[in-house]
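Asks: Sequence:
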Amino acid sequence: MHSSQLDDRTPVILSAVRTPVGRLGGALAAVRPDDLAALVIAAAVERSGVAAADIEDVIFGAANQAGEDNRNVGRMAALLAGLPDAVAGQTVNRLCGSGLQALITASHAIRCDEGDVFVAGGVESMTRAPFVMGKPERGFDRTLQLQDTVLGWRFPNPALAERMPLESMGETGENVAERYGITRERQDSFALESQRRWAAAYEAGHFADELVSVTIPQRTGDDVVVSVDEHPRPQTTLAALARLRPAFREGGTVTAGKASGLNDGAAAIVVTSASYARRHGLRARARVVSSAVAGVDARMMGIGPVPASQRALARAGVEVTDLSVVELNEAFAAQS
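Convert by adding 768 to the 1-based position in the sequence shown; the result is the number in my numbering.
Since the hints were made in silico from the structure, they are not lab data.
Model, not experiment: these values are computed from the prediction.
We put the CB at the ideal spot given by N, CA and C, even for glycine.
There's no promise every hint is true.
Claimed, not checked - Label-pair ranges, simulated between beta-carbon atoms:
hint	residue 1	residue 2	range
1	797	922	17 to 25 Å
2	921	882	30 to 38 Å
3	1066	1013	22 to 30 Å
4	1098	902	28 to 36 Å
5	1010	1092	27 to 35 Å
Kindly produce the complete structure, drawing on both the sequences and the hints.
Replies: See below:
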C-alpha cells in the first residue's frame, strides 16, 4: 500500500506481531504478562522502522489487571521493552475487545492530529491471574469471599444483580443459540471448520511473519523456545465434538469444543499517520478505515458484533458484499 495515496491523517499499520497462544497452565505459564507485552512491543517497533523516540504513546488492552498486569501494564511494558522514558503508556479495558480498543484509540488520536506514531496491542495471562479478596467493611467481618480472577464476574454490584441475572459468558452463548435456533450440530461444524482453517493457515506459513518466539530460561539445561500456538486442536473431529458434554447448562448446546479457551499471549502493532510513513519512506501494510462499538442486552452478549459491524460498515461506506475476508473474535461457535 502506498501512503502517498492516502490523506495525511489516515492511520496506517506498519507492523504487526504476536506471541504464540499458550494454553492455561501451558508453555507460557512461567512468563509474566508484562514481559510478554514488552517482547511484542520491542519486536513491532523494530520491524516497523520507526524511531522509538517518535512514539507518542503505547496503548495496551488488558482485561484482567488484577495481578502482574496491574498498575498500567502498557506503561510498564513500554519501559521493559527499552523505549525512551518520554514515551507514554496507557492501558484500556473493553474486556475481550481490549486489544482492538487500543488500536481504535490510537487511530482516533492520529485522526485528531494528537500524535503520529503509536504502539497498540493487548496482553493476557489467564494462567497467572490471581485470587483476590476484598477488604472487610468492619472488624471481624466473616463474610469475605475469595474471588478467582481468571474468568467471569467478581465483586458484582448487588443493584446490578437485581436488574438482571449475572450470567457467565458460556450462559450468554447458550442464550444466543436458543434465541436464534442454532443447533449443536451447526455449532460443531463451525468449530471444526475453525480448527481446519487454522491448520491450513499454519501449514501454508501464513503465521510465520507475525509470530515472535518466546524464550524461557531454565534453571538447568537449555532454554525453552515457544514458537507454535498451543491452543488449536487440529486433530478434532465431528465425532469427538459430539461426545462432549454441555459445559454451562443442563441440556445445553455449548461445549468446551466450541468455546474460546483460557489462554496466555500478547500482540502489538505500530500504527502511524500516512504522512509520517510517507516522510520516512516506510511501507504501510494496511490502513484503518473505520471502527464502531455497540451495546446490547448483556444476556445476549454474543450478538454485539452485529450492530457494531453495521455501524463500522456504514461509516466506511461499504457493504458486507464488498468484503473478501471477515475475522471475528470468536467467543462461541453459536455467536459466530
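Asks: For each hint, tell me whether it holds in the structure or not.
Replies: Status of the hints after comparison with the structure:
1. 797 with 922: 17 to 25 Å: 22 Å, holds
2. 921 with 882: 30 to 38 Å: 35 Å, holds
3. 1066 with 1013: 22 to 30 Å: 26 Å Cβ-Cβ, so the 22 to 30 Å window holds.
4. 1098 with 902: 28 to 36 Å: 33 Å, holds
5. 1010 with 1092: 27 to 35 Å: 33 Å, holds
Figure legend: structure checked against the earlier numbered hints; every hint is met.
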